[in-house]
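Listed here are the chains, written in short residue letters.
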Amino acid sequence: MRKILVLGCLLVAFGWLPVRLHAAVPPPAKMPQPTLDQRLADIEAYINNVPRATDGRAVSRIAGPGPAHNGWMMTCSALVLFMTLPGLALFYGGLVRRKNVLSVLAQCLGIAGVVTIFWWLCGYSLTFSHGSGLLGNLDFAFFSGVDAAPNADYSPWISQNVFCMYQLMFAIITPALIVGAIAERMRYPAVLLFVVLWMLVIYFPVAHMVWGVDGVLNGLENDHARIRALDFAGGIVVHMTSGWSALALCLLVGRRLGHGREQMPPHSMVLCMVGTGMLWVGWYGFNAGSALAADTIAANAFVATTLAAAVGCSTWGLMEYCTRGRLSVLGLCSGAVAGLATITPASGFVTPNAAVLIGLLAGVLPFLACNLLKARFGYDDALDTFGVHAVGGTLGVILTGLLASPKANANLAAARIQPLIGHTLWLHQLAAAAIVLVLSVVGTVLLAHLVHAILRGLRVSEEVETLGLDLAEHGEEGYIE
Amino acid sequence: MRKILVLGCLLVAFGWLPVRLHAAVPPPAKMPQPTLDQRLADIEAYINNVPRATDGRAVSRIAGPGPAHNGWMMTCSALVLFMTLPGLALFYGGLVRRKNVLSVLAQCLGIAGVVTIFWWLCGYSLTFSHGSGLLGNLDFAFFSGVDAAPNADYSPWISQNVFCMYQLMFAIITPALIVGAIAERMRYPAVLLFVVLWMLVIYFPVAHMVWGVDGVLNGLENDHARIRALDFAGGIVVHMTSGWSALALCLLVGRRLGHGREQMPPHSMVLCMVGTGMLWVGWYGFNAGSALAADTIAANAFVATTLAAAVGCSTWGLMEYCTRGRLSVLGLCSGAVAGLATITPASGFVTPNAAVLIGLLAGVLPFLACNLLKARFGYDDALDTFGVHAVGGTLGVILTGLLASPKANANLAAARIQPLIGHTLWLHQLAAAAIVLVLSVVGTVLLAHLVHAILRGLRVSEEVETLGLDLAEHGEEGYIE
Amino acid sequence: MRKILVLGCLLVAFGWLPVRLHAAVPPPAKMPQPTLDQRLADIEAYINNVPRATDGRAVSRIAGPGPAHNGWMMTCSALVLFMTLPGLALFYGGLVRRKNVLSVLAQCLGIAGVVTIFWWLCGYSLTFSHGSGLLGNLDFAFFSGVDAAPNADYSPWISQNVFCMYQLMFAIITPALIVGAIAERMRYPAVLLFVVLWMLVIYFPVAHMVWGVDGVLNGLENDHARIRALDFAGGIVVHMTSGWSALALCLLVGRRLGHGREQMPPHSMVLCMVGTGMLWVGWYGFNAGSALAADTIAANAFVATTLAAAVGCSTWGLMEYCTRGRLSVLGLCSGAVAGLATITPASGFVTPNAAVLIGLLAGVLPFLACNLLKARFGYDDALDTFGVHAVGGTLGVILTGLLASPKANANLAAARIQPLIGHTLWLHQLAAAAIVLVLSVVGTVLLAHLVHAILRGLRVSEEVETLGLDLAEHGEEGYIE
Amino acid sequence: MKLIIAIIKPFKLEEAKEALSQLGIQGMTVTEVKGFGRQKGHTEIYRGSEYTVDFLPKIKLEIVLPDDRVEATTAAIVRTAKTGKIGDGKVFIFHVEEAVRIRTEERGAQAV
Amino acid sequence: MKLIIAIIKPFKLEEAKEALSQLGIQGMTVTEVKGFGRQKGHTEIYRGSEYTVDFLPKIKLEIVLPDDRVEATTAAIVRTAKTGKIGDGKVFIFHVEEAVRIRTEERGAQAV
Amino acid sequence: MKLIIAIIKPFKLEEAKEALSQLGIQGMTVTEVKGFGRQKGHTEIYRGSEYTVDFLPKIKLEIVLPDDRVEATTAAIVRTAKTGKIGDGKVFIFHVEEAVRIRTEERGAQAV
Ligand SMILES: Nc1ncnc2c1ncn2[C@@H]1O[C@H](COP(=O)(O)OP(=O)(O)O)[C@@H](O)[C@H]1O
Ligand SMILES: Nc1ncnc2c1ncn2[C@@H]1O[C@H](COP(=O)(O)OP(=O)(O)O)[C@@H](O)[C@H]1O
Ligand SMILES: Nc1ncnc2c1ncn2[C@@H]1O[C@H](COP(=O)(O)OP(=O)(O)O)[C@@H](O)[C@H]1O
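Chains as they are written, first to last, in my numbering: chain X, 1 to 481; chain P, 1 to 481; chain D, 1 to 481; chain S, 1 to 112; chain B, 1 to 112; chain F, 1 to 112.
Read the hints as simulated data drawn from the structure, not as lab findings.
Keep in mind that a hint or two might mislead.
So the derived list for chain B, only partly shown, Cβ under 7 angstroms to chain F, looks like this [as the list claims (entries may be wrong)]: (1) V33; (2) G35; (3) A81; (4) V91; (5) R107.
Glycine included, C-beta positions come from ideal geometry on N, C-alpha and C.
Work out the full structure, taking the sequences as your base and the hints as a guide.
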């Protein structure tokens, strides 16, 4: 095992050497200087976040990124990283038992590390370069050609490398979400190897299909999409992939020792609540940032996100209060996160009132999933990744189909998507959801078996599980008196 | 009780249905296309954060929000939410006893939930729509007409819905501040019901009076204001309302069991300090954001905020060191927060040197209030909401009257306020402060009695108080070994 | 001692009185109104972050700051403060023993307080006003003339007071880094007095030399620099000064009681990891913000920062895994911070692939320093300030010399620096590093003796050290059961 | 010499300590323990999983003292720690063979 | 009356408690302790410094009960707490001179 | 067999443990406790409220061992734990009726 790693280490160490030279950009066809009107229109385009007036017509005097949009997107990128480090780490870390808290933190940090490396190696390229409708090519491998100039495919006014970083933060948090389902029992190397393979086989393709400008499921931007699905900030790409994979993986890994018999309450609801607050705050970067500009769509997404989080939080609390006579901090936190996960795909497409409705349902369905479904079927989704993210995400994807409205987002008035709105859009959403669901579950099952074979086992020994992963796998304790 | 809630739940669930349609906006008078000069002037206006050159003269090509200001205000909104979740929750949570930490977190989360819902239902409208000088009307109920276009009453270059979200974050933290005074003993449902009523009866009206464009106390923007008070970021609206209400409420709720006899030291000064750091950082959103643009006034407010916080922190520490020979982390944290609360109303109106003076006084007066006043009168303001926020806020409001200067804020050169500066402004400040003080105290007394009557008691039983609110009211423990 | 303080207190209290009036600015030479083309070019300059077209030619209609750059820099300032409060406080606080956690937090808060006050008194002026190549003058003392207008020396589009605040946050975190080396044993007043003197004698001069527009080591902006060094975000100014001073100071203060014999594991790796996450997120403000605008250089720095952090994190983990068979959360955190510290001076000057290489080396060399060097020489650098910041910072400074490239930063194509790139730049870097290293070590030795003499001792008594600094020096406990 | 071990409710500690001080008891050792007895624990629910916490927080006092002070001390503890509600706790008495004060190496009744 | 002190592995607590409940044991007091014995601790490394943690977490049970129940109780503890691996712990038995229930002031066997 | 209970200052634990190991003591149980005695606690102030913390952190050692090793062991503890300052702690000795090693079910002196 260690030898493999030393080898891998060397490979990575020298991986940067055979870097592709920046592809020589074809010299632009000679273009005229802009007129005063064109120069003005360019600036207005920047303020309105629409393509440059000079595009293809004249040389732009402001060909680079627009500072307001770029600054906002760097802020959003930092916010989305903040969701994982330390947001999600705390949210999950607080929910496990004291003896396993560091293992969760190590998983989050490790995932941030390896996903970033693979994003640089090939991930960004596979996801966002042109390729087939299913996967990109390797044009952007090693961030070749990914510099501060905008990539017009995705946004006229933000630097492509900022876009690349922003999307990286999504690529980090998505597999980190899976950790919640298999917490307290999976071997650390198995987690990391699984994540790397999962990114290659599931995340990069799905993200390309849904968000790639030529993706087969990209209803918003691809005229040739087979299925015209909408996913504003990652209901399909983030929450469904991770949530459904989490379910499959936790079934394969099996239940924790003593599950259902012993008590495994969260060792620190305080940490869990701190994490929730950070997730909520960071989620503004996630959802409003998905407008890829500080524009009116971002503003709308900000509102929808706030309302769904607050309504989800209150509704889950109310459900608890009505069924049990008291409401818990875990309930309020779960409701807020469920609200946020559910609004994610819809946030840029729905009006505030629709967001309230979505928040309301997010407080009910995931509540039932966590409380009834799990009890009924007895799977050990330790920290409810499935109950919150898969159920919430899937619900949000379908509701987006029902509630998306051009009132909230003028892009929905485009010819390629407008006829579906308020009509059969929900069927497209359902189809996309089903495809990704199947892909996630099947892919996870195969990869888990592969990892099992390579590392001889996914799970720590009983002894290690009893002692705690912190001491056994990391040689550390979370707290010392 | 529970039945009432189920009912309330249904009401909320269907509340979104009878939503007002967006009021049909009167068709704008036919206006000419802008000239080149007007187009340029519009863009310059955006950069300088002044009204559009085309306003009323031509159709603007950039009629929407300006991305820099909008992006900054979304960032500020997230920062202000961060102050409550998890900032204030940690600051207060660390100061209570271990057995009550979750009750504080639950109160902060619960308040975030219900205040958001009421803000959407009617709060934003009552506060910021036109109405009488005392309260707005219901034009914006259910965020009707509150979209990404700017509302020229408040800011020419940020989306109204972003403004609405930004103000929501203030509406969340204000009642959450009150929690500090009645921590460890008030019933959870009583807290939430009190907060809802308090928002309706005290916060929305006061915020309208002080910040509403037609508010009777809005000296900065309302030519017809009866009292020409200044409150940049909420000394009156946030700190005075919450602080004085907190005093009244903690007197009505009574002292904690064992208060004055038993030791009730903070269970985690570490959490408290973490919360302080988050409050300080988030306060930049609060104060600099109150410029409602990324302009020069925001820049000035940023400086004033920093200086007052640092000087307040150092002064409080020095006071401790001089009186007791050593200085505590709680002292440094309290001083920073006192500095921040005191500079709040002044932050956009004073020069850096004045901010240093304000920070100095903020380290002295609240120090004395917490150390002498409380001991003298024996009220149990558990976490010093009164000592820090009411004393600091009131002090800041008066100092604003004495120190505001057009050097720091060009808007003070406006005819409606300029003659008062350096003259009788402090009397206006005093008058506004007195009115709000009386309103807060009287309102709180009435509402507390009302809540007492509805819920049959404000306070948990002795048994619950002894066992701890976490276990009794929420069925959870903050930490499990 | 206390008397001195009361005196000092009075001095500070009245220090604001004899404030210099704003130096009467010489009336600008009468300039023409701008043409349409000039007005347009000004706006384009804002978007491209280059000097105004009207500069010296006409009156600019947008003479103030540009909102996008200003908003971004206020965000970055808040992020950098967040790195110290609470980021670094938690990172360090988690690593000490339970009985000393508050002493670390008190040091961070206290430093934030006094450094801000000295920054206002004279620090900003000594660092960033014109003066000799070694130190600025007192023109900006008491922030005199430091208002919202840009200071063209540093950035055409951000307010000078925002620049001043941004740089303050660097001035706060730098001495706070030193705390890590002398944690758990130095007297609180000695820490603060040392820091104040250290700022005056080491930080302000070094920052002026490297970053001051007329600094002798400022290779990027000063045509007359003796040594043409590059330091994008503080490899020399922040990490080398603090790291080497930390080594000297920890040698002078001596080892902790029981060091090498007793076990002193971190009392809370959870806090440490939370702090790491906050440092990473805040570091975007530190590095990308050092572009002093939301421009393409900021975008590049964002990418380099991310890659180096992730690669450093993974590499350190891998080193641990390969040498010991398991990897720790402390290792992952250390690697991330080492990656961040090492990329700091290079972040705005290198391509992504170079950043990966830098991250790789940052995971190796500081790892060896912390694991072998410290064991070999037996100094008690309690929390590895030297191992991570001095080693990482120095490494980064040299690597900047080898890897800086005009591809990453067009400013490097300027005549004053271009000939050195890829040639002898590394020698300049080495020379600057050596000078600052010597200055830091020698200065620290002298100052430590001075502080020792003034306060009669740097170190707490054995009794206090055994009992813990929290109780003895601050009269508080970090946690109460 | 005897050892008195008393298990009491946590919030009664201060009161008991005061009473013992007034009796002239100069030393005791206190431990946080969890008690299991007739008094029933509470139920906690975490997202659908229900937990019964059987063990309640209690305080254990250990006091070594001369034989003749046992009765008065026991009575003082019982008096101050009693709430009359289930779960008030117990007092147990043991024989101590020897006691040594580490600081002075005194032995026996001198040492306590 | 006797006092049984048992040192067991933490994860055996639930099982032991159940067995004792079935025997009709109505009360016990539980303390988290650290044990030092034949079972060796683990090593932790923090940035190059190696620490051996000799003390392992254990649970201490204290049960006062009438003489005639001592054997059965000891047997139940041994049965449930045994894993057969080193570090399973010990049971020690002491003589108790007196017991008082604070709530009722009952004494002796009644009190336990 | 005897049980030695020693209350010592926390930072003396390592030293005492080493000394006992050298004497051939194979096992002991350690508990974090709070002590109240002649040594006075410290005062803490939180925003104007003053608190006296009477209870000081101490370590309790419990060692069961054959009668003939009691003296040497007590001496070793006293030697290593003594600082000569107030608050050094106490050693108490009790009679143990029986001991069982759970793993092997050995009894008596074998078991300790
Ligand atoms: N037989 C026993 N041995 C040791 N400790 C006991 C015993 N019985 C009770 N205790 C301790 O006394 C506490 C109170 O006992 P409980 O049965 O709940 O109430 P009461 O003392 O009022 O009958 C328990 O929580 C436990 O710590
Ligand atoms: N002589 C002793 N006195 C008190 N406690 C002991 C003694 N010997 C062992 N213990 C306790 O019993 C636990 C288990 O003992 P150990 O020697 O590790 O294994 P085993 O009981 O299987 O021989 C120890 O961790 C310690 O807490
Ligand atoms: N009578 C007693 N019974 C039980 N524990 C005691 C008794 N007297 C002292 N102790 C314990 O011994 C510790 C040290 O005692 P103290 O009176 O402070 O100092 P010294 O042992 O030097 O006289 C106390 O903190 C307490 O834990």
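*Sort out which numbered hints this structure fails and list those numbers smallest first.*
5
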